[in-house]
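Engineer: Assemble chain H onto chain G, guided by the hints.
In order, the protein sequences belong to chains G and H. My numbering applies: residue 37 is where the first sequence begins, and numbers increase by one. My numbering applies: residue 2 is where the second sequence begins, and numbers increase by one.
Hints listed in this document are in silico derivations from the structure and should not be mistaken for laboratory results. Fair warning: there could be bad hints in the mix.
Claimed, not checked - With a straight-line Cα cutoff of 20 angstroms, these simulated EDC-like cross-link-like pairs (lysine to aspartate or glutamate) come out: (1) H:Lys-296 - H:Asp-342; (2) H:Lys-296 - H:Asp-235; (3) H:Lys-68 - H:Asp-181; (4) H:Lys-452 - H:Asp-402; (5) H:Lys-37 - G:Asp-352; (6) H:Lys-37 - G:Asp-358.
Said to hold, decoys possible - What the simulated footprint calls covered on chain H by chain G, stretch by stretch (three residues with Cβ under 8 angstroms from a Cβ of chain G suffice, anywhere in the stretch; the number is not a length): (7) 19–32; (8) 103–116.
All of these numbers come straight from a predicted model, not from anything done at the bench. For every residue, glycine included, the Cβ atom is placed at its ideal position computed from N, Cα and C.
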Amino acid sequence: MGSPVPAGEGSPGASVATNTSPGLKAPTRRGTELVMLSFAAGLVTLALILVELNQERSLSLRILYLGLAYLGLFACAHLAVRRWAPYADPAILPCVALLNGLGLVVIHRIDLALEGTVFLDGSTWDPVAFKQVIWTGIGLLMFAATLKFLPDHRMLARFGYTFGLVGLVALLLPGVLPGFIAPTINGAKIWLRIGPLSLQPGEFAKILLMVFFAAFLVSKRDLFTVAGRRFLGMDLPRARDLGPLFAAWGVTVAVMVLQKDLGSSLLFFGIVLVLLYIATERAAWVVLGLGLFAGGAVIAWKLFTHVQQRVANWQDPIARYDVIGGGYQISQSLFGLATGGIGGAGLGAGRPEMIPEANTDFITAVIGEELGFVGFAALLLVYMVFALRGLRGAISVRDSFGKLLGGGLAFAVCFQVFIVVGGVTKLIPMTGITAPFLSYGGSSLLANYILVALLLRISAAARAPQRIAKPKPQQPAIADQHTVMVERPK
Amino acid sequence: MNTPLRRVGMAMMVMIVLLLGNATWVQVINADEWRKNPYNRRVLLDEYARKRGLITVADGTVIADVKETTDRLRYLRTYNNGPAYAAVTGYLSVTYGTSGIERTENDLLNGSDDRLFTRRVSALITGRDPVGGNVQLTLNAKVQQTAYDQLVAKGFTGSVVAIKPDTGEILAMASTPSYDPNLLASHDAAEQQAAWKQLTAKANGNPLINRATQGLYPPGSTYKVVVAAAALADGKNKDSQYTAKGTINLPGTSNAPFPNFNGQPCGPGETASMETALAKSCNTAFGEMAAQVGKSKLTAQSNKFGFNDNDLEVPLAVETSTLGAIQDEAALYQSGIGQRDVRVTPLQNAMVAATIANNGKRMHPYLVSKILGPDLKPIDETEPDQIETAMSTANANVLRDMMVQSEINTGGEGRLSNVQVASKTGTAEHGENVAENKPHAWYIAFAPAQKPEIAIAVIVEDGGDRGLGATGGKVAAPIGRAVMNAYLAGR
Numbered sequence: 037m038g039s040p041v042p043a044g045e046g047s048p049g050a051s052v053a054t055n056t057s058p059g060l061k062a063p064t065r066r067g068t069e070l071v072m073l074s075f076a077a078g079l080v081t082l083a084l085i086l087v088e089l090n091q092e093r094s095l096s097l098r099i100l101y102l103g104l105a106y107l108g109l110f111a112c113a114h115l116a117v118r119r120w121a122p123y124a125d126p127a128i129l130p131c132v133a134l135l136n137g138l139g140l141v142v143i144h145r146i147d148l149a150l151e152g153t154v155f156l157d158g159s160t161w162d163p164v165a166f167k168q169v170i171w172t173g174i175g176l177l178m179f180a181a182t183l184k185f186l187p188d189h190r191m192l193a194r195f196g197y198t199f200g201l202v203g204l205v206a207l208l209l210p211g212v213l214p215g216f217i218a219p220t221i222n223g224a225k226i227w228l229r230i231g232p233l234s235l236q237p238g239e240f241a242k243i244l245l246m247v248f249f250a251a252f253l254v255s256k257r258d259l260f261t262v263a264g265r266r267f268l269g270m271d272l273p274r275a276r277d278l279g280p281l282f283a284a285w286g287v288t289v290a291v292m293v294l295q296k297d298l299g300s301s302l303l304f305f306g307i308v309l310v311l312l313y314i315a316t317e318r319a320a321w322v323v324l325g326l327g328l329f330a331g332g333a334v335i336a337w338k339l340f341t342h343v344q345q346r347v348a349n350w351q352d353p354i355a356r357y358d359v360i361g362g363g364y365q366i367s368q369s370l371f372g373l374a375t376g377g378i379g380g381a382g383l384g385a386g387r388p389e390m391i392p393e394a395n396t397d398f399i400t401a402v403i404g405e406e407l408g409f410v411g412f413a414a415l416l417l418v419y420m421v422f423a424l425r426g427l428r429g430a431i432s433v434r435d436s437f438g439k440l441l442g443g444g445l446a447f448a449v450c451f452q453v454f455i456v457v458g459g460v461t462k463l464i465p466m467t468g469i470t471a472p473f474l475s476y477g478g479s480s481l482l483a484n485y486i487l488v489a490l491l492l493r494i495s496a497a498a499r500a501p502q503r504i505a506k507p508k509p510q511q512p513a514i515a516d517q518h519t520v521m522v523e524r525p526k
Numbered sequence: 002m003n004t005p006l007r008r009v010g011m012a013m014m015v016m017i018v019l020l021l022g023n024a025t026w027v028q029v030i031n032a033d034e035w036r037k038n039p040y041n042r043r044v045l046l047d048e049y050a051r052k053r054g055l056i057t058v059a060d061g062t063v064i065a066d067v068k069e070t071t072d073r074l075r076y077l078r079t080y081n082n083g084p085a086y087a088a089v090t091g092y093l094s095v096t097y098g099t100s101g102i103e104r105t106e107n108d109l110l111n112g113s114d115d116r117l118f119t120r121r122v123s124a125l126i127t128g129r130d131p132v133g134g135n136v137q138l139t140l141n142a143k144v145q146q147t148a149y150d151q152l153v154a155k156g157f158t159g160s161v162v163a164i165k166p167d168t169g170e171i172l173a174m175a176s177t178p179s180y181d182p183n184l185l186a187s188h189d190a191a192e193q194q195a196a197w198k199q200l201t202a203k204a205n206g207n208p209l210i211n212r213a214t215q216g217l218y219p220p221g222s223t224y225k226v227v228v229a230a231a232a233l234a235d236g237k238n239k240d241s242q243y244t245a246k247g248t249i250n251l252p253g254t255s256n257a258p259f260p261n262f263n264g265q266p267c268g269p270g271e272t273a274s275m276e277t278a279l280a281k282s283c284n285t286a287f288g289e290m291a292a293q294v295g296k297s298k299l300t301a302q303s304n305k306f307g308f309n310d311n312d313l314e315v316p317l318a319v320e321t322s323t324l325g326a327i328q329d330e331a332a333l334y335q336s337g338i339g340q341r342d343v344r345v346t347p348l349q350n351a352m353v354a355a356t357i358a359n360n361g362k363r364m365h366p367y368l369v370s371k372i373l374g375p376d377l378k379p380i381d382e383t384e385p386d387q388i389e390t391a392m393s394t395a396n397a398n399v400l401r402d403m404m405v406q407s408e409i410n411t412g413g414e415g416r417l418s419n420v421q422v423a424s425k426t427g428t429a430e431h432g433e434n435v436a437e438n439k440p441h442a443w444y445i446a447f448a449p450a451q452k453p454e455i456a457i458a459v460i461v462e463d464g465g466d467r468g469l470g471a472t473g474g475k476v477a478a479p480i481g482r483a484v485m486n487a488y489l490a491g492r
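Next comes chain H alone, as it looks inside the complex:
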């Protein structure tokens, strides 16, 4: 009987080995699949059990706070002035995950970041609960509030980005329509669900999208500064002459008109200077200019300003701005005035303005200025970082002076009385039917022109309150001026 008993013993060992093998699979090799399953709320609950770090703006004002609760999730995330900052902070939701800074800085905020390791160890020893680190943003409360209020006051759908040119600090980043992240952070599942349903409903204009980094729009005439930069780099100057015709035919076509705004000629003569063409935003001249520069140089110049950069993070991921294929000369003409397939994010356009303002040196834009430990001691500070030199200082100054002329030529309200502004407007057509689609209104600018402290980009979708008659100068420029004024007046 001992032989079968020994075999039974073997069978028993085999059973235990099978269990051990399967446990290795579930707990070690394949563990991540189960751990990260969306139904698995353990990891999330653990995060909620820790006191999450705060998000503050540059002056220390808390915009994302925590409140202790009595329910199962121990801490409730609360947002002060939520809608104004939602584009940046994003939301933290038990059901719907995270977005914005809440997502990109999640490890730090929830305390699992390696930079907090020593503090975690000491918390372990002292028996205190581990706490998340705090994030201090570069946002200027006043500028951000102005940007948001300006967009909301008239019910605009759009975005404002403001950058400090010499460092790349993002002073404001607003996107409308916005939302109240408090609703998604609620511990009441029904409230969360209702809010989510409403925010994702088609009719409500995608408030959860941060248009500043995720919205891709044709830049229209604001792109002309990039074309001008390429022409300057190509040896041209502000007095180089281009056609002044009110309308030309696109090359390679016999019957495809390429008109200036309202078909007006760009001055009395046959030709107009680059300076005049930029100030009056003449399409025919810039079509010709783009064609002269050529596709490769235009692409290279655009890339130096940040186009085609797939990896830009501020730390929010930024959609890639692109020129499109530009397959023939006609496309090059159209691209030269920021139409056809040219697409930019508001952040990209603000970066163009900031780069010109910073003597042609492109700084890496960033939102997080400091990372603080739970004890508010700084752990890490973001150093300004120059990505590349997009223009020579001399050319940047020429372009700046031309943009000053452009601002003088631009109408609209709210001109700054005592500060010189350099700017470019844009009125971008979009969609299949240009005659019926209301254009996007653009405004990029920096001030003071001689010693820039703030550069901005403003977009108002679909003509704002002016409908088909909207222009960048009428709709977007007043917002941009108010935002710059808020910063410059408050210095």
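With the rest of the complex left out, here is chain G:
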């Protein structure tokens, strides 16, 4: 810490040596992945059967077909991994399959509950599970395409600035466009409506901006590690190096002001902070960032009524139960979770339709109600395994860009879960953000499948024998990431 000399890349010693030793082929672990995928498919099919039984619908072979179709879909994903990223981490895809499948079952379950409901404006409930299945299919296509057309994640670093610009535009676009193309839905202005399609460009911007930040920080990391003054035992960065942090903070505030999207701005700021920390290894960045966050939060709370509302709803949802935009939603979520208790009401046997937005932001509350604390804890652990396996790929990959990007992506998943589940369970104020792979919504699903593809790509690069990945196996000593960065672009 604190040395102006570029930090060495971890320890290329042991693991690289085994990987490069000739004649010893590393296992791909694709068989393990297939077994776990089948297990996930079994669980999801069982969940679907439970829902149908509890909703008193007749069981038919249809469910078996659906289960098989689901297995088939992920078998294709598995084949794509087998072909284009054979050394990818075997646990990530099954986790994703389980989450996505469970999400589909719950969305279908809420469709059943709300079937025939007439809303205040006279409209009726429009089943969405089928759409989500299509989005899943498209998501898996994107997933496969990402793996095919991105044989090496380092290719992304070349387009860092382009991605950054596109990401920034995508992030801010709904906020500045007029209402007919960027409508305000549930108080947030984060959608783009193109014909029948609604897109949330922010979901994609998240990934684009992460790529940009990773590339930017890797190319400029020397600058950020130059020490400024020491303060309270920390090396403070120089004032002029604070630019990116302030820029990120500014964008965050803009998102919050223009789009009233608290969750995304919190997520985005957290990601930038973690990327800075990973790149510089300086705790000072985190402290500074948290200070900025705290300041921003206080100012936002003072200035914006929607922020005050969220905080008040969090402090005492029951007191604001009858207020419009008050504590009704979070109260219903807590009622559901508490009524579910340890064992849950049983899939399809609870009353999750009482929670507004049950199939998007509050989908985890549905799982908590119907599968109980046991199911809820299992869900969180699946997320944790998913994120930690992603992080493991980042730790063992050899290049700085991969480490940064992988670490950022893995953290993004976990942090997003924290924000949404924390909001649903009243740990933190509710900020309105989707639960990765569970919530209904095409943009979120597509973006997250791209995210998974990138994590798999990075983990594949980490686990693949060095020889296969690189044509010059005899010179591991100069396989320094910085050198690589400079060499490749032509």
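Structural biologist: Below, chain H alone, put in the same frame as chain G:
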């Protein structure tokens, strides 16, 4: 870069652990607070989704039924002849909760009672919906109807309780003004609200209160049977002599008169027997009697009849009947005629009559005779339960004979021609201004006197239709006689 990555990994695990901890708090440790929050309608909706059990009276007539609906709450509770039975059944309302048997037997009726466990399991296996158990009451349809009709016919505010003396079965429990529980059970929120607003409005006399168990009244002269029981237990007999003066001064005072009804002396002589004093309901004699027995023995005797029992449930919770503080002898005199701070529920007074009728053995009064499974097979049956011996058989018989004399001495309509009745009336003053407040009219009785089959207590608040001139004999006794006759004639 791996060190910060590992730390980020730690931070991620901390986040998940925080979420798990918070979920433990919300779903396990603190779950009850959210589950039982009045805004949480999930539990209620679950109950409504199950077919609730029926409430029937002794002959099997259904008084609380269920009807399948097409709305969100699958089953609608319906009450047959609702107002006549409302004091017992109570109501079941989505918005306003439950009362009466609907509340005390809720677990059984909604099917969550442990006694239904095996049936729930079998329902799970056979795939049928779990159904609530049924409650069969001890109420006799004819007696209950008579009691209710008698109160309502003249627009009385009051209560009637009838008990089978040898078992404690409650044959009738009526309270007026009553209400139609169907209105509160309605699935139409507006209808419920309107009904609730009307029933709780001040001007409407609290119809939701079950006066039989919740109403506390001064017992007036009906309490004299308890004083007599205490005196008998203290070694006195029906011929023991007490003052016959029309008016005496309360002890410790020079100018506080303690008169008989209308100031009449209790007979021609200086003294009168206990039997005469009870038959004529002489206040001066019973004031003296209470003073002779003393506070502690009077309290002990009262407690044996069920006073100061905070836990009595039939299974409706019963308000505690009390004697008050009785701080001096004057208070003892006044308490001896059931005034001052003596307060009883109609159920308590019926229990006094039933205990004397049952040779002094006090039975636990009860409303639920049987609990039946959804398949109508009995699950549980209430066994009669003697709480204690309040009087010796001999003393009980002496008191009974004195009460027979009292009935002979009592006016009022509807005397039973072919059955001997033992009774005591009461005309209880209440409130600050005795001269202007119309008295409560009481009547406790049992019949047939030699082999009692029904014991009753009747109260009509504020003089009924007789105003200031009301007496227990004129207002309450005809109701009690009609109720007893309904039972005895229908045997």
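Engineer: None of the hints should be skipped; say for each whether it holds.
Structural biologist: Results of checking the hints against the structure:
no., hint, verdict
1, H:Lys-296 - H:Asp-342, "holds (13 angstroms)"
2, H:Lys-296 - H:Asp-235, "holds (12 angstroms)"
3, H:Lys-68 - H:Asp-181, "holds (17 angstroms)"
4, H:Lys-452 - H:Asp-402, "holds (12 angstroms)"
5, H:Lys-37 - G:Asp-352, "holds (16 angstroms)"
6, H:Lys-37 - G:Asp-358, "holds (18 angstroms)"
7, 19–32, "holds (count 11)"
8, 103–116, "violated (count 0)"
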